[in-house]
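Asker: Take a look at the letters that make up each chain.
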Amino acid sequence: MFEFLDLERYDLLGAFWVTVQLAVYSAIGSLILGTVLAAMRVSPVPVMRGFGTAYVNVVRNIPLTVVIVFTSLGLFQTLGIALGGEGFTETNFRLAVLGLATYTAAFVCEALRSGINTVPVGQAEAGRALGLTFFQVLTLIVLPQAFRAVVAPLANVLIALTKNTTVASAIGVAEAAYLMKSMVENESDALLPIFAVFAFGFIVLTLPTGLLLGRVSKRVAVKR
Amino acid sequence: MNFRKASALAAAVVALSLTATACGSDDGGDGAGNGGGGSGDGGGSTVTIGIKFDQPGLGLQTPDGDFEGFDVDVATYVANELGYDAEDIEWKEAISAERENMIKNGDVDFVVATYSITDQRKEEVSFAGPYFIAQQDLLIRADDEVTDVEQINDLNLCSVAGSTSAQNVAEKFAPDAELQEYGGYSECLTGLENKAVDALTTDDAILAGYASQDAHAGKFKLAGLELNPEHYGIGVPKDDTELRDKINAALEKMVEDGSWARFVETHFGPAGYEAADAPEITETD
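Residue numbers (UniProt numbering), protein chains in the order written: chain A, 1 to 224; chain B, 1 to 285.
Don't take every hint at face value.
Residues of chain B placed beyond 12 Å of chain A at every Cβ, according to the derived structure [stated by the list, open to error]:
1. 193
2. 212
3. 264
Subject to a maximum C-alpha distance of 16 Å in a straight line, what follows is the list of computed EDC-like cross-link-like pairs (lysine to aspartate or glutamate) [unchecked claim]:
4. B:122 with A:86
5. B:238 with A:189
6. B:195 with B:123
7. B:221 with B:143
8. B:172 with B:154
9. B:104 with B:85
10. B:122 with A:90
11. B:122 with A:110
12. B:219 with B:123
13. B:92 with B:68
14. B:104 with A:90
15. B:172 with B:226
16. B:221 with B:150
17. B:122 with B:240
18. B:172 with B:150
Simulated restraints on C-beta separations [claimed, not checked]:
19. A:144 with B:95: 44 to 52 Å
20. B:284 with A:11: 23 to 31 Å
21. A:54 with B:269: 46 to 54 Å
22. A:11 with B:105: 30 to 38 Å
Hints listed in this document are in silico derivations from the structure and should not be mistaken for laboratory results.
Heads up, the beta-carbon is just placed ideally off N, CA and C, and yes, glycines get one too.
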């Protein structure tokens with residue numbers, strides 16, 4: 001049934017490795033950007049709050065395909081921004097990471113903001129009373145507790161991100177969905193088995209992520 | 001001047017479509033006449049044909065809901081020969097990856113949708129034809145020149161992710177060329193116009209369709225290379241030899257009475273596409 005799976009012709013592991021790389025780099029990027037955005041949304045400066053709110057509401061409501069295709073057609077092909085990549089392969093990978101991180105950051109920001117809301121207001125007020133600045137209150141008191149509260153929601157975001165990497169094939173990044181398109185084109189007599197192979201591949205990636213982070217979230221949760 | 005040109009073109013198109021419909025209804029009469037017994041189940045019923053809805057020059061849905069293109073004309077001609085009038089045809093969109101399943105499930109009677117005849121596909125469906133041999137070619141900016149295959153290695157190419165054309169570039173004729181891949185050919189045209197890529201590569205029939213669109217008129221041209229042939233056939237249910245033979249007969253007639261050459265000229269001519277002779281029917285057994 002799986003005789004179409006010629007591993008010498010189709011680099012299945014290589015394709016899923018690109019998927020993993022996309023997911024990891026985008027996860028790091030979106031975590032940083034999302035944290036900054038969450039800080040902006042709770043900051044005392046109205047302009048920053050406004051920017052954070054606008055960013056989240058605009059970006060999370062644009063289809064990911066549009067974001068990704070725009071990075072290539074708009075940023076790269078029209079404006080010539082290659083992000084320092086040599087050749088299409090490297091440039092497309094970086095553009096895809098940029099697009100995925102930009103998009104996912106909106107969701108990370110909202111998850112984190114819900115975590116900030118779990119920290120009792122009294123703690124922030126106590127920090128202020130001791131003379132800590134807003135930045136100190138945020139980084140020393142609020143965010144550490146907020147992160148521990150949102151491990152499970154962030155795991156959700158990470159799983160969604162892993163599956164969203166398939167959209168990168170729209171600009172030609174050679175990840176799993178791209179290989180699937182080639183195989184569908186060449187092995188049209190085995191469509192359903194091909195889908196099964198790739199669905200299984202993604203479950204192998206995301207199921208352990210969910211289980212592991214689920215356990216982590218129980219261990220680090222702040223007991224109140 | 002421009003207006004005059006446009007109106008002359010419009011007049012030509014109207015004239016062509018009038019002759020096309022006139023000859024179509026004649027054929028319909030013939031078909032019903034010599035069909036005799038066969039038209040018993042055909043009369044009054046409809047035929048469902050799978051075509052592309054988004055391929056300029058081959059199968060494209062117009063803003064008013066009609067369909068136009070080479071595949072559409074071929075399908076209409078064949079349907080006429082099988083005893084169906086143009087209004088009895090129900091068009092269905094046949095996405096590339098779904099074509100085999102549509103035929104196997106009986107969603108369509110046959111498929112005319114840039115459907116290349118391959119051994120893989122013959123495991124699942126049967127083919128009539130071929131009715132067209134497309135060559136993989138390059139679409140380049142009108143002021144560029146690509147004369148031989150060797151040059152392709154130095155170019156930045158664009159194609160559709162995972163397509164046979166894209167795979168051919170890396171595996172067959174230009175392993176050193178840079179290849180940008182997108183979800184569709186339209187995205188490539190932006191890059192071609194902005195000089196981010198030098199050429200768009202796929203079957204010449206598809207390229208000619210894009211180059212002939214009003215929005216791109218005069219900007220792009222075909223390089224005229226013959227990189228890899230694709231035999232477009234009409235997909236029918238597996239081992240339905242009766243339908244296949246009827247369609248083959250219709251295709252032969254289409255070539256003989258000059259309709260084939262006219263369809264080619266109408267849809268691919270504006271891009272400077274020079275058609276070779278019509279292909280021999282090979283899918284007989």
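Asker: Could you tell me whether the CB distance from residue 11 of chain A to residue 105 of chain B stays inside 30 to 38 Å?
Answerer: Since the Cβ atoms of residue 11 of chain A and residue 105 of chain B sit about 32 Å apart, the hinted range of 30 to 38 Å holds.
Asker: Need the status of pair residue 172 of chain B, residue 150 of chain B: alpha-carbon distance at most 16 Å?
Answerer: holds, 12 Å
Asker: Would the pair residue 172 of chain B and residue 226 of chain B pass a check requiring their Cα atoms to be no farther apart than 16 Å?
Answerer: holds, 13 Å
Asker: Is it correct that the beta-carbon of residue 212 of chain B has no partner in chain A closer than or equal to 12 Å?
Answerer: holds, 23 Å
Asker: For residue 264 of chain B, is the shortest beta carbon distance to chain A beyond 12 Å?
Answerer: Consistent with the label, residue 264 of chain B stays out of reach of chain A, its closest Cβ about 26 Å off (over 12 Å).
Asker: Residue 238 of chain B and residue 189 of chain A were given as a pair; does the straight-line alpha-carbon distance stay at or below 16 Å?
Answerer: holds, 13 Å
Asker: Hey, residue 221 of chain B versus residue 143 of chain B, does the alpha-carbon distance stay inside 16 Å?
Answerer: holds, 9 Å
Asker: Against the 16 Å threshold, does the CA-CA distance of residue 122 of chain B and residue 110 of chain A hold or violate the hint?
Answerer: Since the Cα atoms of residue 122 of chain B and residue 110 of chain A sit roughly 51 Å apart, the hinted pair is violated (cutoff 16 Å).
Asker: Checking one constraint from the list: CA of residue 195 of chain B to CA of residue 123 of chain B, max 16 Å. Satisfied?
Answerer: violated, 42 Å
Asker: Is it true that the CA of residue 122 of chain B sits at most 16 Å from the CA of residue 86 of chain A?
Answerer: With Cα atoms ~41 Å apart, residue 122 of chain B and residue 86 of chain A exceed 16 Å; violated.
Asker: Does residue 150 of chain B lie within 16 Å of residue 221 of chain B when you go C-alpha to C-alpha?
Answerer: Cα-Cα ~19 Å, so violated.
Asker: Under the criterion that the straight-line Cα-Cα distance not exceed 16 Å, is the pair residue 122 of chain B, residue 240 of chain B satisfied?
Answerer: Given pair residue 122 of chain B, residue 240 of chain B holds - Cα atoms ~12 Å apart, limit 16 Å.
When the structure is compared with the earlier hints, violations turn up for hints 1, 4, 6, 9, 10, 11, 12, 14, 16, 20 and for no others.
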